[in-house]
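K.L.:
Respectively, the protein sequence lines represent chains X and W. According to the numbering used here, the first sequence holds residues 1 to 385 in order. According to the numbering used here, the second sequence holds residues 1 to 385 in order.
Be aware that one or more of the hints could be misleading.
Unchecked claim - The calculated BS3-like cross-link candidates involving lysine-lysine, where the alpha carbons are at most 27 Å apart (straight line), are:
id, chain 1, residue 1, chain 2, residue 2
1, X, Lys303, W, Lys366
2, W, Lys88, W, Lys126
3, W, Lys126, W, Lys85
4, X, Lys303, X, Lys383
5, W, Lys87, W, Lys43
6, X, Lys43, X, Lys20
7, W, Lys32, W, Lys11
8, W, Lys11, X, Lys11
9, X, Lys88, X, Lys11
10, W, Lys16, X, Lys16
11, X, Lys383, X, Lys366
12, W, Lys126, W, Lys229
13, X, Lys85, X, Lys126
14, W, Lys88, W, Lys11
15, X, Lys56, X, Lys88
16, W, Lys16, W, Lys31
17, X, Lys229, W, Lys303
18, W, Lys85, W, Lys31
19, X, Lys366, W, Lys16
20, X, Lys126, W, Lys88
21, X, Lys11, W, Lys88
Claimed, not checked - Some chain W residues near chain X, calculated using beta-carbon distances under 8 Å:
id, residue
22, Asn3
23, Val5
24, Pro9
25, Lys11
26, Gln18
27, Ile19
28, Tyr48
29, Val52
30, Asn206
31, Thr207
32, Glu217
33, Lys221
34, Arg225
35, Val228
36, Asn242
37, Trp245
Since the hints were made in silico from the structure, they are not lab data. All values reported here derive from a predicted model rather than from experimental measurement. From the three backbone atoms N, C-alpha and C, an ideal C-beta is built for every residue, glycine too.
There are 2 protein chains.
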Amino acid sequence: MENFVYSIPTKVYFGKGQIKNLGRETAGYAKKVLLVYGGGSIKRNGIYDAVVDQLKAHDIAWEELSGVEPNPRLTTVQKGADICKEKKIQAVLPIGGGSTLDCAKVIAAAAGYDGDSWDLVIDPGKITCVLPIIAVLTLAATGSEMDTFAVITNEATQDKIGTGSPLMRPVVSFMDPEYTFSVSAYQTGAGTADMMSHIFEAYFSNTQGYMQDRVAEALLKTCIRYGVKAIENPDDYEARANLMWVSSWAINDFISLGKPVAWTVHPMEHELSAYYDITHGAGLAILTPHWMRYVLSDATVDKFYTYGVNVWNIPEDDDRYKVANEAIDRTAAYFKALGMPSTLKEVGIDASLLPVMAKKAAARLKGAYVELTEEQVLDIFRKAL
Amino acid sequence: MENFVYSIPTKVYFGKGQIKNLGRETAGYAKKVLLVYGGGSIKRNGIYDAVVDQLKAHDIAWEELSGVEPNPRLTTVQKGADICKEKKIQAVLPIGGGSTLDCAKVIAAAAGYDGDSWDLVIDPGKITCVLPIIAVLTLAATGSEMDTFAVITNEATQDKIGTGSPLMRPVVSFMDPEYTFSVSAYQTGAGTADMMSHIFEAYFSNTQGYMQDRVAEALLKTCIRYGVKAIENPDDYEARANLMWVSSWAINDFISLGKPVAWTVHPMEHELSAYYDITHGAGLAILTPHWMRYVLSDATVDKFYTYGVNVWNIPEDDDRYKVANEAIDRTAAYFKALGMPSTLKEVGIDASLLPVMAKKAAARLKGAYVELTEEQVLDIFRKAL
Chain X
1 MENFVYSIPT KVYFGKGQIK NLGRETAGYA KKVLLVYGGG SIKRNGIYDA VVDQLKAHDI
61 AWEELSGVEP NPRLTTVQKG ADICKEKKIQ AVLPIGGGST LDCAKVIAAA AGYDGDSWDL
121 VIDPGKITCV LPIIAVLTLA ATGSEMDTFA VITNEATQDK IGTGSPLMRP VVSFMDPEYT
181 FSVSAYQTGA GTADMMSHIF EAYFSNTQGY MQDRVAEALL KTCIRYGVKA IENPDDYEAR
241 ANLMWVSSWA INDFISLGKP VAWTVHPMEH ELSAYYDITH GAGLAILTPH WMRYVLSDAT
301 VDKFYTYGVN VWNIPEDDDR YKVANEAIDR TAAYFKALGM PSTLKEVGID ASLLPVMAKK
361 AAARLKGAYV ELTEEQVLDI FRKAL
Chain W
1 MENFVYSIPT KVYFGKGQIK NLGRETAGYA KKVLLVYGGG SIKRNGIYDA VVDQLKAHDI
61 AWEELSGVEP NPRLTTVQKG ADICKEKKIQ AVLPIGGGST LDCAKVIAAA AGYDGDSWDL
121 VIDPGKITCV LPIIAVLTLA ATGSEMDTFA VITNEATQDK IGTGSPLMRP VVSFMDPEYT
181 FSVSAYQTGA GTADMMSHIF EAYFSNTQGY MQDRVAEALL KTCIRYGVKA IENPDDYEAR
241 ANLMWVSSWA INDFISLGKP VAWTVHPMEH ELSAYYDITH GAGLAILTPH WMRYVLSDAT
301 VDKFYTYGVN VWNIPEDDDR YKVANEAIDR TAAYFKALGM PSTLKEVGID ASLLPVMAKK
361 AAARLKGAYV ELTEEQVLDI FRKAL
């Protein structure tokens with residue numbers, strides 16, 4: 001286990017009706033906030049009204065930025081930052097899923113930055129002053145409600161890049177599983193695939209961390225138990241609650257502290273969704289099994305064996321490759337059961353841009369569990385066609 | 001899963017040599033601190049000097065309270081609180097294991113309280129103002145470094161009672177696994193039994209919490225893997241690091257949030273160590289298997305079955321009691337392997353005070369996984385003789 005500093009100060013109000021604490025908590029940080037959201041669904045399902053009622057009851061003024069995209073764009077970030085500066089906003093209050101939260105995080109950072117917002121994405125070191133972020137989560141997936149990261153798309157350059165800073169971790173998050181009852185089967189599946197991928201990115205590392213790995217397996221088992229259940233029965237509170245809580249812990253640092261590793265599949269997928277605007281979780285579901293098969297070797301078979309035995313309850317066997325391969329097959333089958341595509345063709349991606357995307361992705365894989373060259377990334381993309 | 005509020009803001013510096021950050025962190029909270037410690041071991045092993053060097057380098061003044069007992073006493077708490085008031089102390093800095101940390105926590109609370117310190121133990125609601133606590137941990141066991149609790153013994157009344165407040169959670173904890181290399185085999189075993197008991201107290205509840213339970217199993221597996229290893233090879237860094245990190249997570253709220261339950265075995269053991277001053281972990285190791293056998297019934301067999309399959313890798317079987325009983329047997333055997341006693345006689349406890357202790361313990365079991373009457377607690381005590 002390597003040295004680390006643990007600090008996850010986000011306060012989480014979890015459960016039915018917890019929104020009733022939003023006004024009081026927000027009043028501790030701000031007299032004027034920026035509401036950030038995507039489409040109109042929060043107005044139809046009553047969440048918008050519940051938030052606004054809380055703000056009114058606590059004399060908190062607000063401005064609004066709506067229309068945040070599924071892959072949030074730099075231009076939207078800039079628009080939000082301009083409102084913050086102009087209207088003297090004191091806190092940013094996103095209502096939505098990971099895209100809305102990510103957008104709000106970079107808005108909160110850009111509000112205290114004089115240059116181009118993109119600077120903060122390509123150089124997180126420039127993030128030095130961030131407005132408090134108070135998040136209302138409506139989708140279990142990215143873990144943005146409790147982590148330090150944000151992914152922004154620069155539509156001008158077709159770059160989709162993650163940035164991060166401890167200052168961007170929300171100060172308070174409201175997580176009501178009932179808010180996710182209306183999430184579609186497809187988005188539920190994609191969200192679950194995203195969480196599982198976050199856990200894989202931490203789990204597959206070359207550093208020892210026994211406790212971390214057992215916890216990662218616990219989180220994976222939770223995704224596997226409840227992902228399909230939530231699709232089959234969208235109002236299953238236990239399923240939605242477990243998925244929502246696991247989404248935070250998949251990526252809030254806990255399972256990766258002490259065993260740092262550079263991520264692999266996320267950077268590869270980010271190229272797909274930057275160029276083709278596909279659903280992030282769908283891209284991950286397509287690529288993950290191919291990546292697993294590609295990196296399976298004498299050097300990694302023990303880890304995949306452990307994954308198979310501990311997560312999929314595959315009986316122990318002297319043939320370690322047999323167990324490892326079965327674990328990968330079951331991973332692929334589970335993504336299918338989640339309603340996810342398994343080939344790039346299914347989401348409209350052909351071979352034309354694979355070399356460009358492979359080049360960009362490979363540049364971000366230094367320090368990964370298994371480092372991959374540009375050619376190897378291209379090979380994985382082609383196998384996924 | 002029930003509603004909850006998650007907030008664990010303790011910052012943890014984990015790993016070799018992290019003490020180098022103590023001066024800078026402490027300076028953020030105080031110009032004058034109270035060092036709290038037990039015997040002289042921290043002076044022999046260099047930890048005291050390392051702390052003092054950090055304070056000097058950052059111009060932080062200090063007072064000292066030494067001689068904290070293994071079951072910390074109210075008189076010691078009062079002595080510490082008096083120093084804090086008299087010397088205008090701004091933060092309390094315990095160096096040691098759970099006893100020292102618990103003592104420091106109540107000192108930090110009593111420093112801001114005008115009445116008798118015992119009031120804060122019997123009525124946690126009176127804890128309203130607590131000096132910041134910065135902990136240096138030298139023993140993996142109680143989890144006091146990241147939790148809200150403290151257990152204090154009133155030697156005048158032979159009461160040993162736990163108190164708690166979110167205000168008593170340390171603001172910063174320093175956890176260097178190398179500090180625990182010198183912990184004796186017996187204390188390592190007792191510490192591991194204590195952690196396992198903390199996890200059991202949360203795990204055996206009547207509320208659903210799938211993710212929480214899988215994480216609890218992950219923590220139990222970590223205790224089981226490394227407890228005996230650390231005894232066999234005291235300088236095994238991975239073993240010490242895993243035990244140290246799991247000690248915090250066994251009790252910092254994470255695995256019990258959403259599935260609250262009143263504790264059972266701890267309150268029972270507190271009576272033993274209040275009357276006989278035995279090692280807490282040893283008392284837990286004696287009582288736990290007897291408690292498990294006593295509460296095993298048609299209502300609880302499924303949980304013990306799951307425990308056996310998931311934690312002890314016992315093969316699934318149609319005979320659920322067979323698996324449950326084997327799980328309990330293996331728990332008892334593991335405590336023995338940790339060098340723990342398995343009968344009360346071994347620690348010098350005879351039948352004479354069992355009725356008195358049973359009466360006191362039973363008064364604290366309302367809302368437990370299986371509620372027990374005074375007679376039932378006495379029965380368990382007798383079986384443990």
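K.L.:
All hints are to be evaluated individually against the structure, with a verdict given for each.
P.N.:
Outcome of the hint check:
1. Only pairs whose Cα atoms come within 27 Å are accepted, and Lys303 of chain X paired with Lys366 of chain W is rejected, the gap being roughly 44 Å.
2. Between Lys88 of chain W and Lys126 of chain W, the direct Cα distance comes to roughly 21 Å. Compliance with the 27 Å bound is thereby established for this hinted pair.
3. Distance check on the hinted pair: Lys126 of chain W and Lys85 of chain W sit about 18 Å apart at the alpha-carbon level, within 27 Å; holds.
4. For the hint pairing Lys303 of chain X with Lys383 of chain X, the CA-to-CA distance comes to about 23 Å; that is within 27 Å, so the pair holds.
5. This hinted pair checks out: Lys87 of chain W and Lys43 of chain W have alpha carbons roughly 23 Å apart, not beyond 27 Å.
6. In summary, the hint linking Lys43 of chain X to Lys20 of chain X is supported, as the alpha carbons are separated by about 17 Å, within the 27 Å threshold.
7. In summary, the hint linking Lys32 of chain W to Lys11 of chain W is supported, as the alpha carbons are separated by about 20 Å, within the 27 Å threshold.
8. The hinted pair formed by Lys11 of chain W and Lys11 of chain X meets the criterion: a straight-line CA distance of about 14 Å does not exceed 27 Å.
9. Taken as a hint, the Lys88 of chain X and Lys11 of chain X pair is honoured in the structure, with Cα atoms around 25 Å apart against an allowance of 27 Å.
10. A C-alpha spacing of about 42 Å is found between Lys16 of chain W and Lys16 of chain X, which places the hinted pair above 27 Å, so the restraint is violated.
11. This hinted pair checks out: Lys383 of chain X and Lys366 of chain X have alpha carbons roughly 22 Å apart, not beyond 27 Å.
12. For a cut-off of 27 Å, the pair hint linking Lys126 of chain W to Lys229 of chain W is broken: about 43 Å separates their Cα positions.
13. Pair hint Lys85 of chain X plus Lys126 of chain X holds up; C-alpha atoms about 18 Å apart against a cutoff of 27 Å.
14. Distance hint between Lys88 of chain W and Lys11 of chain W is fulfilled; the C-alpha atoms sit about 25 Å from each other, no more than 27 Å.
15. For the hint linking Lys56 of chain X to Lys88 of chain X, the alpha-carbon distance of about 18 Å falls within 27 Å, and the restraint holds.
16. A distance of roughly 26 Å separates the Cα atoms of Lys16 of chain W and Lys31 of chain W; the hinted pair therefore holds under the 27 Å criterion.
17. At most 27 Å may separate the alpha-carbon atoms for a hinted pair to count; Lys229 of chain X and Lys303 of chain W meet this at roughly 22 Å.
18. The hinted pair formed by Lys85 of chain W and Lys31 of chain W meets the criterion: a straight-line CA distance of about 15 Å does not exceed 27 Å.
19. Restraint check for Lys366 of chain X and Lys16 of chain W: the C-alpha separation of about 26 Å stays at or below 27 Å, so the hint holds.
20. Note on Lys126 of chain X and Lys88 of chain W: the hinted pairing is violated, with a Cα-Cα distance of about 40 Å set against a maximum of 27 Å.
21. The straight-line distance between the Cα atoms of Lys11 of chain X and Lys88 of chain W is roughly 31 Å, outside the 27 Å bound, and the hint therefore fails.
22. At about 3 Å, the closest approach between the beta carbon of Asn3 of chain W and any beta carbon in chain X falls short of 8 Å, and the interface hint on this residue holds.
23. A hinted interface residue such as Val5 of chain W counts as satisfied when its beta carbon comes closer than 8 Å to some beta carbon of chain X; here the least separation is about 6 Å, so the hint holds.
24. Below 8 Å, beta-carbon pairs count as interface contacts, and Pro9 of chain W has one with chain X at about 4 Å; its hint therefore holds.
25. Among the interface hints, the one on Lys11 of chain W holds; its C-beta lies about 4 Å from the nearest C-beta in chain X, closer than the 8 Å criterion.
26. Taking 8 Å as the C-beta contact cut-off toward chain X, the hint placing Gln18 of chain W at the interface holds, the least distance being around 6 Å.
27. Taking 8 Å as the C-beta contact cut-off toward chain X, the hint placing Ile19 of chain W at the interface is violated, the least distance being around 12 Å.
28. The interface hint given for Tyr48 of chain W is broken, as the beta carbon of that residue sits about 22 Å from the closest beta carbon of chain X, more than 8 Å.
29. Proximity of Val52 of chain W to chain X is violated relative to the hint, the smallest CB-CB distance being about 22 Å (cut-off 8 Å).
30. Against a cut-off of 8 Å between C-beta atoms, the interface hint on Asn206 of chain W is violated, since the closest Cβ of chain X lies about 14 Å away.
31. Interface restraint check: Thr207 of chain W against chain X, minimum CB-CB distance 11 Å, threshold 8 Å, status violated.
32. Below 8 Å, beta-carbon pairs count as interface contacts, and Glu217 of chain W has one with chain X at about 7 Å; its hint therefore holds.
33. The beta carbon of Lys221 of chain W comes within 5 Å of a beta carbon in chain X, closer than 8 Å, and the hint placing it at the interface holds.
34. Residue-level restraint check for Arg225 of chain W holds (minimum Cβ-Cβ distance to chain X is 6 Å; threshold 8 Å).
35. Given the 8 Å rule on beta carbons, the hint for Val228 of chain W is violated: about 14 Å separates it from the nearest Cβ of chain X.
36. Checking Asn242 of chain W against chain X: minimum C-beta separation of about 5 Å stays under 8 Å; hint holds.
37. Interface hint at Trp245 of chain W: satisfied, since its Cβ lies 6 Å from the closest Cβ of chain X, which is below the 8 Å cut-off.
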